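Those protein sequences? They're chains A and B, same order as listed.
Our numbering applies: residue 11 is where the first sequence begins, and numbers increase by one.
Our numbering applies: residue 2 is where the second sequence begins, and numbers increase by one.
Keep in mind that the hints were calculated from the coordinates and are not lab data.
Treat the hints with caution; some may be incorrect.
[As the list claims (entries may be wrong)] Some chain B residues close to chain A (C-beta under 8 Å, calculated; not the full set):
| no. | residue |
| --- | --- |
| 1 | A19 |
| 2 | S36 |
| 3 | P40 |
| 4 | H45 |
| 5 | P53 |
| 6 | A219 |
| 7 | A275 |
[As the list claims (entries may be wrong)] Restraint ranges, calculated between C-beta atoms of paired labels, are given here:
| no. | chain 1 | residue 1 | chain 2 | residue 2 | range |
| --- | --- | --- | --- | --- | --- |
| 8 | A | Y200 | B | H54 | 50 to 56 Å |
| 9 | A | F25 | B | L34 | 57 to 63 Å |
| 10 | B | D120 | A | P141 | 34 to 40 Å |
| 11 | B | V58 | A | S152 | 58 to 64 Å |
Fair warning: this is a prediction, and the values are worked out from it, not measured in the lab.
Don't be surprised by glycine CBs; every beta carbon is placed ideally from N, CA and C.
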Amino acid sequence: MTPSALRRSDFLLRFLNAPAILLVIAFSIAPIVYVFYLSFQDLRIGMGASGFAGLDNYRFVLEDASVIKAFSNTFYFAGLSVLLATLIGLGIALLLHSDIPGAGWLVSAVVLPWAIPEIVNALMWQWIYNPTYGALNGILYSLGMIAEYRAWLSSPLSAMHAVIFAYAWKLVPFAVIILYAGLTAIPTEYYEAAEIDGAGDFAQFRYITLPLLAPPLGVVVLFCMVWSMRAFDIVYLLTRGGPGDGTMVLSYFVFGKAFEFGDVGAGAAVACLLALMTFALTALYMRALRNSAGTR
Amino acid sequence: MRAARLSLGKIVALWSLALISLLYLLAPPGWMLISSFSPATELHSRPPHWVPHRPTVEHYETLFQTRGGDARALQQNPQVRAFPRSFVNSLIIATGTTLICVIFGAISAYSLSRFVKRDRQRWILLGLLTTRMIPVVSVLIPIYFALQRLGVLNTLSALIIVYSGLLLPFVIWILESYYRDFPIDLEEAASIDGCSPLRTFVSIVLPLSTNGLFAAAAFVFISVWSDFIVGLTLTSSEKAWPISVALAQALNPITEPNWGLLNAAGLVAAVIPAILAFIFRGAVMRGMLSGAIKG
Chain A
11 MTPSALRRSD
21 FLLRFLNAPA
31 ILLVIAFSIA
41 PIVYVFYLSF
51 QDLRIGMGAS
61 GFAGLDNYRF
71 VLEDASVIKA
81 FSNTFYFAGL
91 SVLLATLIGL
101 GIALLLHSDI
111 PGAGWLVSAV
121 VLPWAIPEIV
131 NALMWQWIYN
141 PTYGALNGIL
151 YSLGMIAEYR
161 AWLSSPLSAM
171 HAVIFAYAWK
181 LVPFAVIILY
191 AGLTAIPTEY
201 YEAAEIDGAG
211 DFAQFRYITL
221 PLLAPPLGVV
231 VLFCMVWSMR
241 AFDIVYLLTR
251 GGPGDGTMVL
261 SYFVFGKAFE
271 FGDVGAGAAV
281 ACLLALMTFA
291 LTALYMRALR
301 NSAGTR
Chain B
2 MRAARLSLGK
12 IVALWSLALI
22 SLLYLLAPPG
32 WMLISSFSPA
42 TELHSRPPHW
52 VPHRPTVEHY
62 ETLFQTRGGD
72 ARALQQNPQV
82 RAFPRSFVNS
92 LIIATGTTLI
102 CVIFGAISAY
112 SLSRFVKRDR
122 QRWILLGLLT
132 TRMIPVVSVL
142 IPIYFALQRL
152 GVLNTLSALI
162 IVYSGLLLPF
172 VIWILESYYR
182 DFPIDLEEAA
192 SIDGCSPLRT
202 FVSIVLPLST
212 NGLFAAAAFV
222 FISVWSDFIV
232 GLTLTSSEKA
242 WPISVALAQA
252 LNPITEPNWG
262 LLNAAGLVAA
272 VIPAILAFIF
282 RGAVMRGMLS
292 GAIKG
């Protein structure tokens with residue numbers, strides 16, 4: 011492809027590559043290697059390093075009930091956030107695709123949650139969930155659905171679902187845009203043929219839209235899953251992992267362990283497990299992608 | 002085409018669904034906007050006044066410590082004092098990172114797409130993608146210790162360098178795909194006319210790729226502006242706090258915060274990324290479709 015006239019770079023251009031290469035190595039590659047190394051070290055702030063610890067950190071964290079809880083919380087949080095964002099995203103994408111007059115308004119509104127910084131999103135929902143003045147309490151009270159104002163973030167179960175609802179809100183734009191593009195890529199002839207055969211709306215959705223939408227749905231689920239497994243800001247601002255350890259997720263656990271308790275070795279071990287899970291997820295997806303490309 | 006087949010009943014049903022969706026998307030930030038213009042007494046009524054009877058800009062005046070601001074509110078929320086400074090900090094950090102990422106990212110992306118052998122190129126791109134998948138909290142521990150040893154924690158320049166290192170893989174990834182689709186004929190012609198590769202890049206490729214560069218710049222700026230965890234970990238005082246950290250600090254978990262003030266602060270923090278996203282919404286959507294954007 012590359013013509014011979016362009017085959018070689020010159021020294022100056024090569025030299026100008028150095029900053030990017032150095033920065034990427036220093037802050038994106040070396041830290042991954044180093045955090046892996048740290049996860050085998052017994053390193054606690056203020057205790058002095060006592061050197062190589064073998065698999066002790068991993069053994070310690072995997073036997074720790076709070077780590078197990080953080081794992082299950084993370085899966086629950088990520089799974090439900092992804093499900094919610096995907097369903098709402100699919101609904102809005104289908105609406106946009108139905109060509110109703112005025113759908114253009116919806117398109118402009120869709121990008122908004124994406125553009126709002128995560129910490130502002132958290133602040134916004136903290137205010138909405140507020141136990142004494144919050145809008146959620148106000149609405150439900152006015153509608154007569156609750157008899158008195160409630161502290162939504164004070165019990166582990168309702169706190170978890172409040173955090174999930176707030177986080178999913180920010181994932182929706184991504185889901186909508188990917189799924190809407192997927193919908194527009196489906197040839198309209200399929201629907202016309204189905205119509206002639208007498209297929210109703212639901213049958214068309216079930217046998218044409220859904221199967222053809224599988225690849226974009228896969229993209230939405232994978233990326234939203236990867237992002238929600240590392241969610242931090244929303245938990246930090248809404249609940250700090252509480253009440254108790256009701257909303258303690260892995261990324262917040264790593265932060266607390268390493269930077270607040272100073273147990274760097276254990277924090278690094280959990281950080282490595284978190285990274286490993288993300289890797290596994292991505293690899294699985296890539297393989298599925300290659301397999302489906304191979305069969306077509 | 003399809004609209005013609007919709008019956009009136011269907012249109013009404015779809016419209017009400019569209020209205021619900023619109024409400025779902027707009028109501029939360031809308032409530033933040035309204036609250037930021039409501040006096041405290043109205044915010045504290047039950048149920049709250051959905052439209053303020055006496056709208057006010059006092060929260061904004063207090064926030065930026067201008068005339069008309071409420072000095073007592075500022076005294077009761079001392080963390081809010083850091084807000085104007087952190088706004089400037091974030092501007093400096095995001096601009097600096099954007100410049101570094103776009104300049105050096107463009108050079109490396111171009112070199113990667115033109116002068117690296119096909120099979121090596123694939124490995125490098127896969128590596129760049131992989132670093133993007135790693136949760137940032139995992140790499141923050143080593144970065145924290147490195148900066149601590151160098152004595153540059155809590156400085157703006159350290160934050161710029163760290164953000165650049167974290168975002169460059171992503172910038173190189175999207176710009177590489179941009180340059181791959183770039184017509185190579187012009188470069189060949191320049192090369193035959195005796196232009197060096199660097200000269201060709203600077204005077205022919207760069208001016209023609211401003212679209213891609215601006216889109217990349219907007220992504221980097223929004224990512225840095227919106228980041229919280231990196232700023233939280235690597236800063237310790239208002240000297241270097243980015244806006245997100247100042248916001249979180251102002252939300253005092255012990256006493257009930259001044260919500261009018263906080264909503265104003267949140268809104269100010271969201272305005273710049275929202276405007277950028279609106280201007281570059283086409284690029285934002287294309288970027289999402291190439292599966293390359295952080296949510």
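Evaluated hints:
1. A hinted interface residue such as A19 of chain B counts as satisfied when its beta carbon comes closer than 8 Å to some beta carbon of chain A; here the least separation is about 5 Å, so the hint holds.
2. The interface hint given for S36 of chain B is met, as the beta carbon of that residue sits about 7 Å from the closest beta carbon of chain A, less than 8 Å.
3. For P40 of chain B, the interface hint is violated, since its Cβ never comes within 8 Å of a Cβ in chain A; the closest pair sits about 13 Å apart.
4. At its closest, the beta carbon of H45 of chain B sits 6 Å from a beta carbon of chain A; the interface hint therefore holds under the 8 Å criterion.
5. Proximity of P53 of chain B to chain A is violated relative to the hint, the smallest CB-CB distance being about 13 Å (cut-off 8 Å).
6. A hinted interface residue such as A219 of chain B counts as satisfied when its beta carbon comes closer than 8 Å to some beta carbon of chain A; here the least separation is about 10 Å, so the hint is violated.
7. Residue-level restraint check for A275 of chain B holds (minimum Cβ-Cβ distance to chain A is 4 Å; threshold 8 Å).
8. Between Y200 of chain A and H54 of chain B the beta carbons are some 55 Å apart, a value that agrees with the proposed interval 50 to 56 Å.
9. Under the hint 57 to 63 Å, the C-beta atoms of F25 of chain A and L34 of chain B, about 50 Å apart, miss the expected range.
10. A C-beta distance of roughly 59 Å is found between D120 of chain B and P141 of chain A, which places it outside the suggested range of 34 to 40 Å.
11. Look at V58 of chain B against S152 of chain A: about 28 Å separates their beta carbons, and that is not inside 58 to 64 Å.
In the structure shown, a violation is registered for the earlier hints numbered 3, 5, 6, 9, 10, 11, in ascending order.
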